[in-house]
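Take a look at the letters that make up each chain.
Number of protein chains: 2
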Amino acid sequence: MRKIQMLALVCILAISAFSQHNQKGFTLVIHGGAGTILKKNMTPEREKAYLAALDSALQTGYKILEAGGSALEAVQATVMVMENSPLFNAGKGAVFTNEGKNELDAAIMDGFTLKAGSVAGITTIKNPITAARAVMDKSEHVMMSGKGADQFAAQQGCEVVDPSYFYTEDRFRGLQRAKERDANKVDSSNAGLRNPMHRDEKYGTVGAVAVDKQGRLAAATSTGGMTNKKWGRIGDAPIIGSGTYANQQVAISCTGWGEYFIRLVMAKSIADRMEFGKQSLKDAANQLIMIELPRLGGDGGLVAVDKNGNVAMPFCTEGMYRGYIRSNGQKEILIYK
Amino acid sequence: MRKIQMLALVCILAISAFSQHNQKGFTLVIHGGAGTILKKNMTPEREKAYLAALDSALQTGYKILEAGGSALEAVQATVMVMENSPLFNAGKGAVFTNEGKNELDAAIMDGFTLKAGSVAGITTIKNPITAARAVMDKSEHVMMSGKGADQFAAQQGCEVVDPSYFYTEDRFRGLQRAKERDANKVDSSNAGLRNPMHRDEKYGTVGAVAVDKQGRLAAATSTGGMTNKKWGRIGDAPIIGSGTYANQQVAISCTGWGEYFIRLVMAKSIADRMEFGKQSLKDAANQLIMIELPRLGGDGGLVAVDKNGNVAMPFCTEGMYRGYIRSNGQKEILIYK
Chain X
5 MRKIQMLALV CILAISAFSQ HNQKGFTLVI HGGAGTILKK NMTPEREKAY
55 LAALDSALQT GYKILEAGGS ALEAVQATVM VMENSPLFNA GKGAVFTNEG
105 KNELDAAIMD GFTLKAGSVA GITTIKNPIT AARAVMDKSE HVMMSGKGAD
155 QFAAQQGCEV VDPSYFYTED RFRGLQRAKE RDANKVDSSN AGLRNPMHRD
205 EKYGTVGAVA VDKQGRLAAA TSTGGMTNKK WGRIGDAPII GSGTYANQQV
255 AISCTGWGEY FIRLVMAKSI ADRMEFGKQS LKDAANQLIM IELPRLGGDG
305 GLVAVDKNGN VAMPFCTEGM YRGYIRSNGQ KEILIYK
Chain A
5 MRKIQMLALV CILAISAFSQ HNQKGFTLVI HGGAGTILKK NMTPEREKAY
55 LAALDSALQT GYKILEAGGS ALEAVQATVM VMENSPLFNA GKGAVFTNEG
105 KNELDAAIMD GFTLKAGSVA GITTIKNPIT AARAVMDKSE HVMMSGKGAD
155 QFAAQQGCEV VDPSYFYTED RFRGLQRAKE RDANKVDSSN AGLRNPMHRD
205 EKYGTVGAVA VDKQGRLAAA TSTGGMTNKK WGRIGDAPII GSGTYANQQV
255 AISCTGWGEY FIRLVMAKSI ADRMEFGKQS LKDAANQLIM IELPRLGGDG
305 GLVAVDKNGN VAMPFCTEGM YRGYIRSNGQ KEILIYK
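Protein sequence lines correspond, in order, to chains X and A. The first sequence: position 229 = 233 (our numbering), numbered continuously. The second sequence: position 203 = 207 (our numbering), numbered continuously.
Just chain X, same shape as in the assembly:
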């Protein structure tokens, strides 16, 4: 009799564990850039437009994850929504280089396999994140740059657009303002960048991280880089380990003053503090964004999710476009501190 009771108990436990596994929740977290985003500088219309764009991005990823899709598919589709919006410095809304061009960077990483793809300085692919995905899936490489990356992505069927697709009046005026400021600069130091209002205009990125129903993690980041950028500058977004990283514990996408994120190897630092230092996601992310980053003189933020669905969205700027959604429908979309 006791044996039967034991057997029944084991069965109940097994069924419960199995169904718990199948019912495992998913979480999606996004950002649309960090900077000097102040309520007083925002019109109600513009604020509404941002909130709607972030919500639309979250809903797109939610549907994929809800249907059992992978974190990888979800972060790519989510980033594409933001790339297609003129509001963010990525895809359609990319800022202009010093030469009046739009040069776009993107990266994607699958935490489950540690596979990654990345492009830097592309000019003709409508959705740079699809180019990064093509590099990951269809080449023996991780990172491609310039015309070669454009050609490869086109060959792989990524949607090609005329570079004029990326023209927006708003961003073009941003370039003119940046050039005027640079012309008025008395020296060649980065005084211009050190003015937070100017920096806000210079930077911007979109990104998404997710953990899916099967517990797989992925991260994706896309950016137009820096207004008035010269010399083929590459920021942190397309650098695996700096702006974008995922493994089996955590997925991270960054936004901010890219040079400091590269020097700190930001995303991998957080993952390693968790893996080897046994820190929580919150502690590791806060240490890097609120202490190490400002200590070096940089600023910005990031979004991250760990395998247990814990979310972190720290930033040390005035604001960061950000939000998350969970399988239970819980959702938050935020802009300011």
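Since the hints were derived computationally from the structure, they do not count as laboratory data. Positions of the beta carbon are idealized from the N, C-alpha and C atoms, including for glycine. Heads up, a few of these hints could be off.
[Stated by the list, open to error] What the simulated footprint calls covered on chain A by chain X, stretch by stretch (three residues with Cβ under 8 Å from a Cβ of chain X suffice, anywhere in the stretch; the number is not a length): (1) 75 to 83; (2) 180 to 188; (3) 238 to 246; (4) 269 to 278.
[As the list claims (entries may be wrong)] Okay, the calculated beta carbon distance ranges per label pair: (5) A:A158 to X:N45: 37 to 47 Å; (6) X:D186 to A:D59: 40 to 50 Å; (7) A:S60 to X:N45: 56 to 66 Å; (8) X:N312 to A:R185: 42 to 52 Å; (9) X:K142 to A:N188: 20 to 30 Å; (10) A:L300 to X:N312: 22 to 32 Å; (11) A:P298 to X:G333: 37 to 47 Å.
[Unchecked claim] Here are some of the chain X residues that sit facing chain A, going by a computed Cβ distance under 10 Å: (12) G72; (13) A124; (14) G125; (15) V146; (16) S149; (17) K151; (18) G152; (19) F176; (20) R177; (21) I238; (22) G239; (23) P242; (24) I244; (25) Y264; (26) L268.
Knowing the structure of chain X, use the given hints to seat chain A on it.
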């Protein structure tokens, strides 16, 4: 009386600590690439030429460190010696791209300040490591690419050469062989890369790491990339955290199948295992190169030195051109397992 004795003791301890600090040793470690380097394939003349080139590189860095120069100066000068040799796939001896060009990558990092500079795909700067240094010292950026990077480096006084400077018959024949192999490939998988003999011809890098008399660390890496490379492929060498990294604990320079080094964020992983996992340099480096790297399907090696002068030079290929020299004159130069 006892007070005087105590005071004398404190003085002796202080003087001893001070002189110990001043007499602190320095260490320089270099590599000239890892691959299918087998004694049976090497002529005595060629072996002698490699040993002489590695020795010359070590001596150059040694003189700088002996004279009290910084680790940063030493690794740059050491890498320049190897860049100027046609024997290594960096600078003069760079391999050819699919288009018959030489596109060079390099990175340098100062562990003391966490400052870093990096260039990808440059074609007209004689010593790419000087271009990386210029990015670090004279720009607000960390990474530049393509023509823009060439222009910036030239503007900063780096020595400019005609691209034909990088022509060597040996490397040009290597490109022809690689193209023939690719033409004979039945599919577009990376079967070609998976043949170690072919891979050996495809890859190669030079690098140096050092700890100076003041305990400061630095790392530098330079490469011609991959024979027959297309699509503006960027490998691990210019990626801070992957092929090149230094902090106040350790300096690391990698060589090998770059894509896997990027996916593992190789150099930062080792540094973080030491910092947060309290692993020794040897354990951390071995774990990554002998276990994690082959597990993913990659291969290669690295050189590293920590603040205490511990040296690691692991590789999972048949050979790696490598060597180190210490302030006490102790020196080793090795090629095979």
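(request) Take a look at whether the Cβ-Cβ distance between X:D186 and A:D59 falls inside 40 to 50 Å. (result) Because 48 Å falls inside the window, the suggested range holds.
(request) With respect to the beta-carbon atoms only, verify the hint that X:K142 and A:N188 lie 20 to 30 Å apart. (result) holds (21 Å)
(request) Mind checking the CB of X:A124 against every CB in chain A and telling me if the closest is under 10 Å? (result) holds (6 Å)
(request) Closer than 10 Å between Cβ atoms is the bar; does X:Y264 clear it against chain A? Give me holds or violated. (result) holds (9 Å)
(request) Establish whether the coverage given for the segment 75 to 83 of chain A by chain X is satisfied; the threshold is a Cβ-Cβ distance below 8 Å, and no fewer than three residues must meet it. (result) violated (count 0)
(message) X:P242 was flagged as interface toward chain A. Is the shortest Cβ-Cβ separation under 10 Å?
(response) holds (9 Å)
(message) Against the range 37 to 47 Å, how does the distance between the Cβ atoms of A:A158 and X:N45 compare: consistent or not?
(response) holds (41 Å)
(request) Establish whether the coverage given for the segment 238 to 246 of chain A by chain X is satisfied; the threshold is a Cβ-Cβ distance below 8 Å, and no fewer than three residues must meet it. (result) holds (count 6)
(request) Go through the hint on X:G72 and say holds or violated, using the shortest Cβ distance to chain A against 10 Å. (result) violated (26 Å)
(request) Identify whether the interface hint at X:L268 stands, where standing means a beta carbon of chain A within less than 10 Å of its own. (result) holds (7 Å)
(request) With a cut-off of 10 Å on the beta carbons, see whether X:I244 makes it to chain A. (result) Holds, about 5 Å.
(message) The hint names X:G152 as touching chain A; please verify it with the least Cβ-Cβ distance against 10 Å.
(response) Status holds, d = 3 Å.
Checked against the numbered hints listed earlier, the structure breaks hints 1, 2, 12, 19 and 20; every other hint is satisfied.
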